[in-house]
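Q: Work out the full structure: start from the sequences and follow the hints.
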Amino acid sequence: MLRWQWVAAALIVALAAGAVAAARAHGERERLARRLLATPPGEVVEHPTLVRFAFTEARPLFAQHCAVCHGADMRGTVALGAPDLRDSVWLYGDGSVYDIERTILFGVRSGQSKSHNVTDMPAFGARGMLSDEQIRDVVQYLLKLNARPHQAEAAEDGRVVFYGKGDCFDCHASDARGDSDYGAPDLTVNVWDSGGDPDSLYRSIYYGRHRIMPAWLGTLSLEQIRALAVYIHVLSHPARRGSQAAAG
Amino acid sequence: MAQSESIQATRPRFGARLVRTLAHPRLATTVLPACGVVLGLAAAGASLFRPVARPLTSVPPGYVALVDQKGVLMSDFIAQTQSETGADFADTSPQERRRVLREMIDQELLVQRALVLDLPETTTEVRETMASAVNAQVEAPLLALEPTDAQLRAFYDAHRARYTLGGTMTVHDLLLHFGGYADADQTLAQAEVDAAEAVYQLRSGAPIDYVMEHYGFVDSGRVDNTEQLEFAAKLHLGAKLYQVATTLGDGEVSDPVAMADGVHVLVMDRRRPPRPADFDSVRNTVYSDYRAAESARARAENLRILRSQARILLAPGQSE
Numbered sequence: 482m483l484r485w486q487w488v489a490a491a492l493i494v495a496l497a498a499g500a501v502a503a504a505r506a507h508g509e510r511e512r513l514a515r516r517l518l519a520t521p522p523g524e525v526v527e528h529p530t531l532v533r534f535a536f537t538e539a540r541p542l543f544a545q546h547c548a549v550c551h552g553a554d555m556r557g558t559v560a561l562g563a564p565d566l567r568d569s570v571w572l573y574g575d576g577s578v579y580d581i582e583r584t585i586l587f588g589v590r591s592g593q594s595k596s597h598n599v600t601d602m603p604a605f606g607a608r609g610m611l612s613d614e615q616i617r618d619v620v621q622y623l624l625k626l627n628a629r630p631h632q633a634e635a636a637e638d639g640r641v642v643f644y645g646k647g648d649c650f651d652c653h654a655s656d657a658r659g660d661s662d663y664g665a666p667d668l669t670v671n672v673w674d675s676g677g678d679p680d681s682l683y684r685s686i687y688y689g690r691h692r693i694m695p696a697w698l699g700t701l702s703l704e705q706i707r708a709l710a711v712y713i714h715v716l717s718h719p720a721r722r723g724s725q726a727a728a729g
Numbered sequence: 051m052a053q054s055e056s057i058q059a060t061r062p063r064f065g066a067r068l069v070r071t072l073a074h075p076r077l078a079t080t081v082l083p084a085c086g087v088v089l090g091l092a093a094a095g096a097s098l099f100r101p102v103a104r105p106l107t108s109v110p111p112g113y114v115a116l117v118d119q120k121g122v123l124m125s126d127f128i129a130q131t132q133s134e135t136g137a138d139f140a141d142t143s144p145q146e147r148r149r150v151l152r153e154m155i156d157q158e159l160l161v162q163r164a165l166v167l168d169l170p171e172t173t174t175e176v177r178e179t180m181a182s183a184v185n186a187q188v189e190a191p192l193l194a195l196e197p198t199d200a201q202l203r204a205f206y207d208a209h210r211a212r213y214t215l216g217g218t219m220t221v222h223d224l225l226l227h228f229g230g231y232a233d234a235d236q237t238l239a240q241a242e243v244d245a246a247e248a249v250y251q252l253r254s255g256a257p258i259d260y261v262m263e264h265y266g267f268v269d270s271g272r273v274d275n276t277e278q279l280e281f282a283a284k285l286h287l288g289a290k291l292y293q294v295a296t297t298l299g300d301g302e303v304s305d306p307v308a309m310a311d312g313v314h315v316l317v318m319d320r321r322r323p324p325r326p327a328d329f330d331s332v333r334n335t336v337y338s339d340y341r342a343a344e345s346a347r348a349r350a351e352n353l354r355i356l357r358s359q360a361r362i363l364l365a366p367g368q369s370e
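Note that the protein sequences, when read in sequence, are chains Y and Z. Under my numbering, residue 729 is the last one in the first sequence; the count climbs by one each step, no gaps. Under my numbering, residue 370 is the last one in the second sequence; the count climbs by one each step, no gaps.
Quick caveat, the hints were computed from the structure, so don't treat them as lab data. Any given hint might turn out to be false.
Stated by the list, open to error - To give an idea of the chain Y side of the interface with chain Z (calculated C-beta under 8 Å), a few residues: (1) Leu513; (2) Arg515; (3) Ala519; (4) Gly523; (5) Ser591; (6) Met610; (7) Arg692; (8) Ile693; (9) Thr700.
Since this is a predicted model, take the numbers as computed values, not measurements. Note that CB positions come from ideal geometry on N, CA and C, so glycine has one too.
A: As structure tokens, this is what we get:
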């Protein structure tokens, strides 16, 4: 055979081998995606192979769709009120794969009836429900709850407002530890999605907070959403990060 | 051997032969373009005649059931089970899960049946719920934007007439029937003449009871002749009579007002007009109104877009 015929033959064999390898890889990917979704959400993290697959799928998805609000480092964006996803504090649910998945599926105040939308933080100041002084007193009370430097007398006045005219305990609970059914934050763990300095706390109470998160059902596939949920869950649970190490 | 070597030495390389072949006039002007046309048509034809996706014969991952190819999400099943039982999904019994799943499948069947029956076209409640759901999605992004004090104040300034405090009136609404209404047999013209005379008497100091008995007036029943808030009086009197009432001071009598139920004469005992509310005292109302206005604006814009994309035909003689 002439030289060019050997080259052509080798090229055809290489192309064929590449096609077979690609088909096998695609098939393996599809198999893992089905298994990721078929596994009950609470059991996925017990399978390192699935966790590894979820991480591979979720990293580019997070960068493309989630980082714009939650930050490339997943530490949140105070200006947007987008929460830190790597801590163990959750507005809705308890940070399980199921709860995270549900939030991604239907969003927060997205306009969908299945979204988290029970209530929001009222604009106590803008609506004239609390005076300027009362709001500042409540801020001092919040600082006291978090063992931060505060003005004692104002904090006491703020406590009265918290349990009285402000009705803050109605959503944030009588122990101020919040209620994940409402998305009412825990006010005692010093985690503040919209900023924890006194001015930011004041603005949160004065203007209220009505953050939204879009619903991703229909935009992302169920496999992609499950992968993201697993990814976020593992990274937010220090005990789980062993499975991340195992996943590589 | 020498001959073959000489042949090898004079024969052009493969690449050069390929270029020379492709550059052949007939190949370049006819064959290659023809191949391109054929390939393009084949690709278009393949997409046009692509076979319809075959129905699923097993439930895809992420779903708990398929009802006529429509999936019931596993996540929804878990949420519904937890909601109905008040327990974590893992702690629920197989019987409870079966019951919930049966209910969800029943609901899916009913929804699909509703579409077959075209209920969105024939049932008012369904239409309204669907329209509300669309509006909720349109309004959702706006609700994240908290208005500033400056925006609220600008809204208040632009709609100051809306924001008033107080305002009461004590008014009598005397009614003279006509034209067979409530057994009255006089014409409108006669009633208006009588009413004008009655007004003259009232303005001259005649008691209301005397005028009512003498001219045949009755109490309209719209107001109870005691002090009431302006907004309540407006509701009871209606827009036309309320507008007349707002022109009256204490003790004044209106001109006759002809309406469908008869000729009305208003006698104002006492009026304390509403006064403008300062911004801080109506902040909450201004905030709500601002939000409502923003939502209305979003809905209107959405409808404008939908209309621009729709082909709407009206029957002859119809307009909107």
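Q: Any CB of chain Z closer than 8 Å to the CB of Met610 (chain Y)?
A: holds (7 Å)
Q: Return the status of the interface hint for Ala519 (chain Y): holds when the least beta-carbon distance to chain Z is below 8 Å, violated otherwise.
A: holds (4 Å)
Q: Does Arg515 (chain Y) pass the interface hint, meaning its C-beta sits closer than 8 Å to a C-beta of chain Z?
A: Hint on Arg515 (chain Y): holds, closest Cβ of chain Z at ~5 Å, below 8 Å.
Q: With 8 Å as the cut and Cβ atoms as the points, is Ser591 (chain Y) at the interface with chain Z?
A: Result: holds, 6 Å to nearest chain Z Cβ.
Q: Grab the minimum C-beta distance from Thr700 (chain Y) to chain Z and call the hint holds if it beats 8 Å, violated otherwise.
A: Violated, because the Cβ-Cβ distance from Thr700 (chain Y) to chain Z comes to roughly 14 Å (cut-off 8 Å).
Q: For the hint on Ile693 (chain Y), does the least C-beta distance to chain Z fall short of 8 Å?
A: Holds. Min distance 5 Å.
Q: Regarding the hint that Leu513 (chain Y) lies at the interface with chain Z, is the smallest CB-CB distance below 8 Å?
A: violated (11 Å)
Q: Quick check on the hint: Gly523 (chain Y) CB to chain Z CB, less than 8 Å?
A: holds (7 Å)
Q: Holds or violated: is the Cβ of Arg692 (chain Y) closer than 8 Å to a Cβ in chain Z?
A: holds (6 Å)
The structure is inconsistent with the numbered hints 1 and 9, although it conforms to all the rest.
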